[in-house]
Amino acid sequence: MSSDKHANFLKNQKKDPANYRPDILHQCLLMLLDSPLNRANLLQIFIHTTNNVLIEVSPQTRIPRTFDRFCGLMVQLLHKLSIRAADSSAKLLKVIRNPVSVHLPVGCRKILTSFQANALIKCSEIAKTGDNRAVAIVVGGFARGKEIIAKEQLKGTITPDSNCPPSNFAKGVAEGGEGGGEEEIKISNFPLSAALTCAKLTSGFEEAWGVEQ
Numbered sequence: 001m002s003s004d005k006h007a008n009f010l011k012n013q014k015k016d017p018a019n020y021r022p023d024i025l026h027q028c029l030l031m032l033l034d035s036p037l038n039r040a041n042l043l044q045i046f047i048h049t050t051n052n053v054l055i056e057v058s059p060q061t062r063i064p065r066t067f068d069r070f071c072g073l074m075v076q077l078l079h080k081l082s083i084r085a086a087d088s089s090a091k092l093l094k095v096i097r098n099p100v101s102v103h104l105p106v107g108c109r110k111i112l113t114s115f116q117a118n119a120l121i122k123c124s125e126i127a128k129t130g131d132n133r134a135v136a137i138v139v140g141g142f143a144r145g146k147e148i149i150a151k152e153q154l155k156g157t158i159t160p161d162s163n164c165p166p167s168n169f170a171k172g173v174a175e176g177g178e179g180g181g182e183e184e185i186k187i188s189n190f191p192l193s194a195a196l197t198c199a200k201l202t203s204g205f206e207e208a209w210g211v212e213q
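Be aware that the sequence shown starts at 1, since it is given in the working numbering, and climbs by one per residue.
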């Protein structure tokens with residue numbers, strides 16, 4: 001559902017249009033899937049929707065470039081629960097069980113990006129954990145931040161039966177090992193769009209890990 005195309009319906013239902021921005025998710029997915037980090041098979045993406053649906057995105061997925069085609073693909077996914085590649089049986093998009101925490105590497109480093117956070121950290125420094133831990137990063141795919149829901153997802157306290165307020169986020173998981181705990185950081189002293197946040201994060205990891213070398 002789009003805040004532009006369904007503005008009257010959302011108004012009649014007394015819903016906040018700012019919570020219905022699939023265009024933000026579309027921009028983020030295009031940025032993430034096109035990144036060298038993803039092409040090097042070092043990125044895993046999960047999507048958590050307004051209705052508490054969790055979606056796994058294959059690194060081989062090629063998201064439609066036009067927004068209307070993207071919306072059609074997502075509607076098809078929510079009806080069929082998976083989207084397969086045209087030339088194989090591989091699932092490019094699939095609905096998986098909540099919470100997202102059960103799909104993360106055990107003991108991974110969990111990071112929530114928020115402009116309200118106190119800690120300002122360069123993106124390349126996030127990748128330098130020093131102990132080869134996996135890194136899970138939450139990027140809010142909505143017009144205004146909802147950090148509490150993202151935190152609960154990371155902790156695994158939101159279940160399919162939870163009364164979950166709107167909270168869309170793309171989560172990149174880089175492969176790694178042991179560790180744990182949640183952190184809240186910001187990567188700029190200025191508010192950034194979700195797509196720009198994704199771009200800065202992937203570029204930081206690519207630089208730290210020498211992906212292009």
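Keep in mind that the hints were calculated from the coordinates and are not lab data.
Computed from a predicted model, the values in this text were never measured in an experiment.
Each residue gets a CB set at the ideal place from its N, CA and C atoms; glycine is no exception.
Hints may contain errors.
Claimed, not checked - Here are the simulated EDC-like pairs of lysine to aspartate or glutamate, each with C-alpha atoms no more than 16 Å apart in a straight line:
{"hint": "1", "residue 1": "Lys128", "residue 2": "Glu206"}
{"hint": "2", "residue 1": "Lys128", "residue 2": "Glu207"}
{"hint": "3", "residue 1": "Lys122", "residue 2": "Glu183"}
{"hint": "4", "residue 1": "Lys122", "residue 2": "Glu184"}
Claimed, not checked - Derived Cβ-Cβ restraints for the label pairs, each shown as a range:
{"hint": "5", "residue 1": "Gln76", "residue 2": "Ser193", "range": "24 to 30 Å"}
{"hint": "6", "residue 1": "Asn189", "residue 2": "Lys80", "range": "42 to 48 Å"}
{"hint": "7", "residue 1": "Ala208", "residue 2": "Asn118", "range": "20 to 26 Å"}
{"hint": "8", "residue 1": "Glu125", "residue 2": "Ser88", "range": "20 to 26 Å"}
{"hint": "9", "residue 1": "Leu78", "residue 2": "Ala40", "range": "28 to 34 Å"}
{"hint": "10", "residue 1": "Asp68", "residue 2": "Phe115", "range": "26 to 32 Å"}
{"hint": "11", "residue 1": "Ala85", "residue 2": "Val53", "range": "35 to 41 Å"}
{"hint": "12", "residue 1": "Ala86", "residue 2": "Asn132", "range": "35 to 41 Å"}
{"hint": "13", "residue 1": "Glu212", "residue 2": "Ala86", "range": "36 to 42 Å"}
Here is what the structure says about each hint:
1. Lys128 with Glu206: Given pair Lys128, Glu206 holds - Cα atoms ~11 Å apart, limit 16 Å.
2. Lys128 with Glu207: With a Cα-Cα distance of about 10 Å, the restraint between Lys128 and Glu207 holds, given a limit of 16 Å.
3. Lys122 with Glu183: Holds - the C-alpha atoms of Glu183 and Lys122 are around 14 Å apart, at most 16 Å.
4. Lys122 with Glu184: Holds: Lys122 and Glu184 sit about 13 Å apart, inside 16 Å.
5. Gln76 with Ser193: 24 to 30 Å: Since the Cβ atoms of Gln76 and Ser193 sit about 27 Å apart, the hinted range of 24 to 30 Å holds.
6. Asn189 with Lys80: 42 to 48 Å: holds (43 Å)
7. Ala208 with Asn118: 20 to 26 Å: Holds: the Cβ-Cβ distance is about 23 Å, inside 20 to 26 Å.
8. Glu125 with Ser88: 20 to 26 Å: violated (39 Å)
9. Leu78 with Ala40: 28 to 34 Å: Holds, since Leu78 and Ala40 (Cβ atoms, about 30 Å apart) stay within the stated range.
10. Asp68 with Phe115: 26 to 32 Å: Given range 26 to 32 Å: holds, Cβ gap about 31 Å.
11. Ala85 with Val53: 35 to 41 Å: Between Ala85 and Val53, where Cβ atoms are some 21 Å apart, the hint is violated.
12. Ala86 with Asn132: 35 to 41 Å: Since Ala86 and Asn132 have Cβ atoms about 37 Å apart, the given range 35 to 41 Å holds.
13. Glu212 with Ala86: 36 to 42 Å: violated (30 Å)
Consistency with the previously given hints fails for numbers 8, 11, 13, ordered from lowest to highest.
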